[in-house]
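*Asks:* Construct the entire structure; sequences and hints are all you get.
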Amino acid sequence: MTSRWQVARQFGAAALVICLVCMASWKEFSAPIAPDTVSPTIEDYAELKSSLPSHGVACYFSDKDVESQAALWYLAEYTLAPLVLRVGSDCGWAIGRFENPRTVDTLDSIGFRIERAYGPQLLLLRRKQP
Amino acid sequence: MIVLLGLLWPALLGVLLARSLGRGLPAPMQVFLSLPLGLGAISCSLFVQLETGLPALVFELLVALAAGAVCWRVGTPPCVKPAIKGSLDIWIGVGLAVTLAASLYRFRIVIFEAPQGAWDAWQIWNMHARFLATPYWRDMFSSEIPWTHGDYPLLLPGSIARLWSLTGRQDLDASHLVAFLFTFATIGLLGSAVSALKGRAHGMLAALFLAATPFFIVQGASQCADIPLSFFLLAVVALPAFEEGVLLAGLCAAMAAWTKNEGLLLVAVVAPIRTLALCLSRGVRGASAPTVRFLAGLAPLLAIVLFMRFALAPPNDHIGGRPLAALVSQATDFQRWKLVLLAVPRGIRRLGGLPVGVPVLLLIYGVLAGLEAKCDRLTLWTGSATLAALLAGYCVVCVVQPRDIYWQIDTALYRLLMQLWPAAIFLVFIAVRPLRPTA
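Heads up: the sequence lines are chains B and S, in that order.
Just so we're aligned, residue 1 is where the first sequence starts under our numbering, counting upward by one.
Just so we're aligned, residue 1 is where the second sequence starts under our numbering, counting upward by one.
Treat the hints as calculated values from the structure; they're not laboratory data.
Remember, predicted model here, so these are calculated numbers, not experimental data.
Any given hint could be a false lead.
[Claimed, not checked] Listed below are the simulated EDC-like cross-link pairs for lysine to aspartate or glutamate, each with C-alpha atoms no more than 20 Å apart in a straight line: (1) K49(B) - D139(S); (2) K64(B) - E99(B); (3) K49(B) - D171(S).
[As the list claims (entries may be wrong)] Sample of chain B residues at the chain S side, in silico, Cβ under 7 Å: (4) Q10; (5) L20; (6) V21; (7) F29; (8) A34; (9) V84.
The C-beta atom is built at its ideal place from N, Cα and C for all residues, glycine as well.
*Replies:* What follows is the structure, encoded as C-alpha cells:
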C-alpha cells in the first residue's frame, strides 16, 4: 500500500511537471509582440546631441506640465547624458517641447531664440545675447 | 559580435575568481558563477578607475594574478564523474530543453519590443551606464535629476560601461548580453547547485521550475537589476551548503549589495542569521571558522559599496534624508500595513505569469514529493530565515516609503518577490525528496 501510494505521488508530481512545461511553453510562444514605443522618441532627441554641449547643464521646458509628461523629459536625459537637463528656462541652452505652435511666439519674451527645429514639437533653443 | 569578444576578459576573471575562491565546488556551479563574478569584478575596477584614476586594467590584472596564483598553488580538484543517465533524467531533460527554448524565444521577443529596457532600466540602470562611460560620471548624482536614483549601486551599469570601454562601442548589445547572462546563469546555478546536492534529475526539475516562470524571463529581459540581485541572493543561500563555498558566499553577498540597495539589507540580515545558526548547531568554536571565511569574502567589496553609498551618492529617497516623524507616522499607519500584508500572499499566489501561480505549483510538487528526512537543515533554516527577514524588510520599506502605496505595491511587489524566487525554489528542492532516491 505504501509503495503504491509512493508510486501514485511520483506520478502526480510528474504530471504536475508536464502541466507546468506545457503551460509555460504555451505562454512564452503565444505572447503577443508589442511595438517599441521608446526608441522613436530617443531617436528624435539623438539628433539634438551633436548641437548641444556634451556635459554640464541645459534646460528643458514645455508648454505642458513637465511633471505630467515626465517620460519625455526622462528620455531626453537618457539620450543626452552626461548632459544634465534641468526643468526651467535659465540656462544658455534649452530644449523646448511644445504641442501648441503659438508657444513659439513667446520664446522671445523669455530671452530665447530658436537654434534649430527638429520637427514641429521639438526645438533646440539658445539664450539671446544681451 | 564584438561584445562577445569584450566578454572574454570578464569571463577569464570570473573563472579565476570562481576557481580560486570556490575551489572544490562542483565544476558546473563554478561555470555558472564565473561570468556574473567577472562582470561584478569589472564594474568594481571601473569604479576604482573613475574614483582614483588608476586604470581599470591594472586593478583587473591584480585580481587575475592573485586569483591565478591561488589556483596554481592549490591545484585543480579532481573532477567528479557525472552519474549515468536514467530514463527519468532524459524525460526531465527534454522538458527542461522545451522550457528553455520557450524562455529563450520570449527573452528575444522582450528585447525586440523594448531594446532600451523597461522604464526602470533606461531611467536608472542604462542611464547610469551612460554617465559612467564618461569623465563626467559624478553628474549622475546631481540633485537636478533625483528621479534617476543616483544612490543606486553600480554593478549593473558599471559592468555595461566597462564592456563599452573594452569593445570601444557604446551600444545596446552590452546591456542585452548582461541581462541574458544573469537570467540564464541564475537558472544554471540553481540547477547545478540542486544537482550537486540531490541528484541530476532533481537539479533539472529545479531549473525547470525557474525557467517555466514567465515573469522571471520577462523581468530578466527588462534589463533591470532585480534578476542580477536574485542571482547573488541564490548564491548566498546555496553556496554555504558546500563547505568550500562559504568564502564565495561572502563575496556574493557583497556583490548583491553592489547590485541593488536590497542587497545591503541582505548583508545586514544574512551575516547575523548565519552566525547565530552556526553557533546553535556547531557551538561558538565550530562557528568561528566559517563565519570568518564568510566575512573575509564579504569585507573588501563591501568597503567599496559603503564608500560609494555614503561618501558619494545622495541619500535614498525611500528612507534617507526624511524626518523621523514622517517615518514613524507611516510606520504606525495600520491601513498601510494592512494593504501591504494582504498584497504579499496575493502576490505569491499569482507570481509567475501563468494561470496558476508557480509557487502554488511548487507547493503542490513539494507535497507530492514529500519532505526529506535527512536534508541539510542548517542551509534550509538559514536560507528560510534570510528570505523571511528580507521579505519583512521589503514590507517595512514599502510601508514607510513616501510615494502612493497603491502605486508602490503595483509596480514593485512582483519584482521584489522575483528577487527571492530562485532562492525559494532552491530551498524547497533541498527540503523535499527527489522523484527517486539518488544513487
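*Asks:* How about Q10(B): closest beta carbon in chain S under 7 Å, or not?
*Replies:* OK, holds: Q10(B) within 7 Å of chain S, min 6 Å.
*Asks:* For the pair supplied as a hint, K49(B) and D139(S), is the alpha-carbon distance within the 20 Å limit?
*Replies:* holds, 17 Å
*Asks:* Check whether the Cα positions of K49(B) and D171(S) lie no farther apart than 20 Å.
*Replies:* At roughly 16 Å apart (the allowed maximum being 20 Å), D171(S) and K49(B) satisfy the hint.
*Asks:* Holds or violated: is the Cβ of F29(B) closer than 7 Å to a Cβ in chain S?
*Replies:* Given a least distance of 6 Å, the restraint on F29(B) holds.
*Asks:* Could you check if A34(B) really has its C-beta closer than 7 Å to a C-beta on chain S?
*Replies:* With a closest approach of 5 Å, the A34(B) hint holds.
*Asks:* Holds or violated: is there a CB of chain S closer than 7 Å to the CB of V21(B)?
*Replies:* holds, 4 Å
*Asks:* Taking 7 Å as the limit, does the beta-carbon of V84(B) come near enough to a beta-carbon in chain S?
*Replies:* holds, 5 Å
*Asks:* Between the alpha carbons of K64(B) and E99(B), is the straight-line distance 20 Å or under?
*Replies:* holds, 8 Å
*Asks:* With a cut-off of 7 Å, does the beta carbon of L20(B) approach a beta carbon of chain S closely enough for the hint to hold?
*Replies:* With a closest approach of 5 Å, the L20(B) hint holds.
Violated hints are absent here; each numbered hint is respected by the structure.
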